[in-house]
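A.B. asks: Each chain, written out:
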Amino acid sequence: MKKIHAVLFSLVFSSLTPALLAQDFGDHSSATLTGKAWEEYGRENFEMAMAYINRCKELYLKTAKEQQASLSDFAPAEKAHDYWALNDVGTSLFIEGQLLEKQGKIKEALEAYKVLVFELGFAQTWDPKGWFWRPAEAAAARVKQLEFDALLD
Amino acid sequence: MTAAFIVTTALQAQSRVEITGDAQQGYHLLVNGNPFVIKGVGGSHHFDVLAASGGNATRTWGVGEETPALLDEAHRHGIMVSLGIWLGHERHGFDYSDPEQLEQQRRHVEEAVEKFKDHPALLVWGLGNEMEGIQNRGDSPVIWREINELAKRIKALDPHHPVMTVVANVNPDKVRAIQKYAPEIDILGVNAYAGAGGIGRNLRNYGWTKPYTIAEFGLPGPWEVEQTAWGAPIEPLSRQKAGFYYGAYQQIMEDTTLCLGTFAFLWGHKQEATASWFGMFLPNGDKTVRVDAMTRAWTGEWPENRAPVLREVEVPVFNQRVKPGEQFKIRVRYEDPEGDPLTYHWEVFHESTDRQVGGDREQRPDSVPGAVRATDAEGGALLTAPQRPGAYRVFVTVTDGRGAGCMDNWPFYVSP
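So the sequences go chain by chain: A and B. Numbering (the numbering used here) for the first sequence: 1 to 153. Numbering (the numbering used here) for the second sequence: 154 to 569.
Just chain B, same shape as in the assembly (with noise of 0.2 Å):
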């Protein structure tokens, strides 16, 4: 009975986080005495998958009625948690020179981490996503003071945890002024996308020389592709994603001095630009080969069930101008590894109209009934374009009824 008390107690024990090393010989993140380098994710859920694709991470934004519930699941699987706190944005009406504001804000923060600072799966607060402003060079001295006051209240609170704010991006300015104005600072988390790979030389051309992460990475946003000549951003195929991920995970982890380590975006789904975009699970909760891609990238091995992969296409329709009412042949060809048999669900959607930007909440633009005529088990479809003229995408979606899946899209524009 002593025993078993011990050892359950033992179990839930708050985690002791350190930073040990310098930036010659390197940083070392010690998470109760033991080397930790950050195998992530961003995302609240599906942490079994991740847990059996060799994460060991995940990050959170902000903290809410489900943190408590989020944190004991992550601790269940093995998973450590850099908690968000979420701080806010001046594009959403924050004003940090309001002292109103910036004292029902520290109390926020204050009441976090009093509520979970001794949670056994918290890895390291991470103070702020991308508050610093997104389309300016994010270097207020305003803003960085105000952070600076909160990591100083957070450290007080709990002296055993790490404080990570995160940026959206690099640039000398903004480096320079995090430096200046937020020393207590432990930890800096960079979003980056298309240029993730260069952070870390970049953060040192810039003067940096305390341990970061690459807080969100994957593929190239849709601010940074192609577009069409109508300006709908060129999604990226499904296996080129997944090479985007394992090759910007390998590139940043090149880095063995600064970088303690990354989290890929996004361990779930979202709607951003399009539905599938970010997501590396499908909105049914398939795995896609992103996630098999991180696997490959974090244990060397593929997990025993991977997901279907894309082999050929004959889209014909993409990046063109069609007729109302033409119809039109497409066909594609996935292949799942273990020889599963694969299903293939064609749908057309209106391109996106509710485009935000940093990552802010968009609808799913609406499906457009009857716009697939007639469809085949081999990944073949008959589309007729819609008869209102407009920007148009058609998805498919493959799944191998075993938890895994793909989804790829095309876009076409409609025009009289």
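Chain A with its partners taken away, still in its complex shape (with noise of 0.2 Å):
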């Protein structure tokens, strides 16, 4: 027993880069860890930005679940935010899909993209440039886009 623990701990720890164990989680609310994934995917840390969604996953999907249950369309903008998780959880699956694709991990990203689209999809996500995104939307886009990639080979 002892060595299992000593196994898993080695694992656990052993996945754990320096940068990793710095990583700053803040308020650990759904809005901080959705934005520092992005942030971190920007950089392309792809490290850092898959530990902040996991961790808003981790945290956040069941009441993401929740909401997204509670709707049959999109919130109108004036309620959007109060779909927050689902809007948080929803966005850092798509930042997940795009960073997996950027690492050539093709198959795990149709997956991300796929629980985006057929559980959560309703999420919308605020633009700076003035409307609400539907990140599912832009999966879906993806998800039609790589199918399509997969032919060509």
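Because the hints were derived from the structure by calculation, they are not lab data. Incorrect hints may have been included.
To be verified - In the BS3-like style, the derived pairs of lysine-lysine whose C-alpha atoms are separated by at most 30 Å in a straight line are:
| # | chain 1 | residue 1 | chain 2 | residue 2 |
| --- | --- | --- | --- | --- |
| 1 | B | K333 | B | K363 |
| 2 | B | K423 | A | K79 |
| 3 | B | K333 | B | K482 |
| 4 | A | K129 | B | K333 |
| 5 | B | K308 | B | K270 |
| 6 | A | K129 | B | K308 |
| 7 | B | K333 | B | K270 |
| 8 | A | K79 | A | K57 |
| 9 | A | K107 | A | K65 |
| 10 | B | K482 | A | K105 |
| 11 | A | K102 | B | K270 |
| 12 | A | K129 | B | K268 |
| 13 | B | K308 | B | K333 |
| 14 | A | K102 | B | K482 |
| 15 | A | K107 | A | K57 |
| 16 | A | K57 | A | K105 |
| 17 | A | K79 | A | K65 |
| 18 | A | K62 | A | K102 |
| 19 | A | K79 | B | K333 |
| 20 | B | K268 | B | K363 |
| 21 | A | K105 | A | K79 |
| 22 | A | K107 | A | K79 |
| 23 | B | K268 | B | K308 |
| 24 | A | K62 | A | K114 |
Note that the coordinates shown come from a computational prediction; the quantities given were computed from them, not determined experimentally.
Fit the two chains together into the complex; they arrive one by one in their own frames, and the hints show the way.
C.D. replies: Okay, structure coming up:
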């Protein structure tokens, strides 16, 4: 038993680089985690970005699914922020798909996109350009594009 | 003799196009009584390829001397035409509050309708393109009232073809303005690139209940993609572009109630940001993998001769700053699905400085002689960075010698 624990300990901590160990989750809110994931993705720090995404999913996926289940269509703009977990976890899943694509992990990217499309389809995220953006629509497009790309091989 | 005359007359008879159905059950376009889902493109050439690819319609932006021959050529290939009638843009100096300009434009529209309304290839009238403006909300009552007046006049002259007007993407204000001030419009055409798949839902959310088409779609535009540190848009690679077309088409056509079909942009070739961004054909007329993608989307099958497909890229200079005169090796690998031998042509161009908006005409930048020092037959090249500091792109054109090819490019910057 001790041996198993030792192996698990070693597996967990050997995957944590010094950068990850120093990771700052801030107030652990979904908005903070998603914002940090975007930032790290933009810097191509994929490992860090993934850590924020995983934390966001770990803490808020259940709530996000509940919020999704309470909707029958996209929430109107004035109520969109009420569905904060859905919006942030949905956005995190889109970032996850993007970064997995950039790493060449197409199968895993498709999985992330499909969770977003089929389970969190009413997620919305505020675009600084002045409107709500729908990550599931973008993910659905990527699924179709990647499936077509596979046909080319 | 009589029979032959009747057949010929029937073939040349005016097309009759109508819209049936409603927003709940779904709209249908009927051409001469037959259901017609628009599998269209934007462009004036290559109708033989379009017909062979499973397309059935094309869209133009204006009438001119070439229009009669274009309509005849389309008809020969069984292609229907959304005949565009160009309307003035305020950014080009047209003033929608100037009665003289409006009168002149009305005459131009009516003359076009009189001239072409009886052509058998006519599908719909394409009244204007993005004339509402692309850098504002597009909700000017003055403009939309005039569009309504023009649509009314078209219908008075030709009751057998619906009137479509084409806008640059949609927003709530624009859609409301069209509904309020231009009720004579039968079909809304929307030009949309990165977000084309979401247009149907947006239109519904904004209260639109009439039919629509996606009048231009394809890959994300230069205004929608990542840029290099020096502001050059990073063009998606050829195989990614093909995926954008296929994916967007599939997503758009999931709307089986309001959407009448799509027009892929551009069934031809043009300089817009780069020489290869929007054109589905190469400058030499070869079709690209984007045409194959649409063939697959329209028919479910690949064409007989497919375009080369990009497999590997080793362009270390991509999105990098290099020194003047610095040499670098680059290599790409394309594969021809039929195994045709491929020819590679490398060329370095200055980054375009003649950037316009709304698809306005742009000049192709000059190439840089001597930048390509050596090439091999397998897609390798040795480049020397130009001496003059500035932004550049290295282009590769790959052809299969049987009418299919590919073009990709990678931006780089020379700084001392």
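A.B. asks: Hint by hint, note whether the structure agrees.
C.D. replies: Now for the hints, and whether the structure bears them out:
1. B:K333 with B:K363: Holds, at roughly 13 Å.
2. B:K423 with A:K79: Distance of about 44 Å is beyond 30 Å: violated.
3. B:K333 with B:K482: Distance of about 60 Å is beyond 30 Å: violated.
4. A:K129 with B:K333: Since the Cα atoms of A:K129 and B:K333 sit roughly 26 Å apart, the hinted pair holds (cutoff 30 Å).
5. B:K308 with B:K270: holds (10 Å)
6. A:K129 with B:K308: violated (39 Å)
7. B:K333 with B:K270: holds (27 Å)
8. A:K79 with A:K57: holds (22 Å)
9. A:K107 with A:K65: OK: A:K107 and A:K65 at ~23 Å, within 30 Å.
10. B:K482 with A:K105: Distance ~27 Å between B:K482 and A:K105 Cα, so the pair holds.
11. A:K102 with B:K270: Judged against 30 Å, a Cα distance of about 51 Å means the pair is violated.
12. A:K129 with B:K268: violated (44 Å)
13. B:K308 with B:K333: holds (19 Å)
14. A:K102 with B:K482: holds (24 Å)
15. A:K107 with A:K57: holds (19 Å)
16. A:K57 with A:K105: Roughly 19 Å separates the two Cα atoms, so the pair holds.
17. A:K79 with A:K65: Satisfied, since the Cα-Cα distance of roughly 17 Å is no more than 30 Å.
18. A:K62 with A:K102: holds (27 Å)
19. A:K79 with B:K333: holds (27 Å)
20. B:K268 with B:K363: holds (28 Å)
21. A:K105 with A:K79: violated (36 Å)
22. A:K107 with A:K79: violated (34 Å)
23. B:K268 with B:K308: Given pair B:K268, B:K308 holds - Cα atoms ~14 Å apart, limit 30 Å.
24. A:K62 with A:K114: holds (17 Å)
Checked against the numbered hints given earlier, this structure breaks hints 2, 3, 6, 11, 12, 21 and 22; the rest are met.
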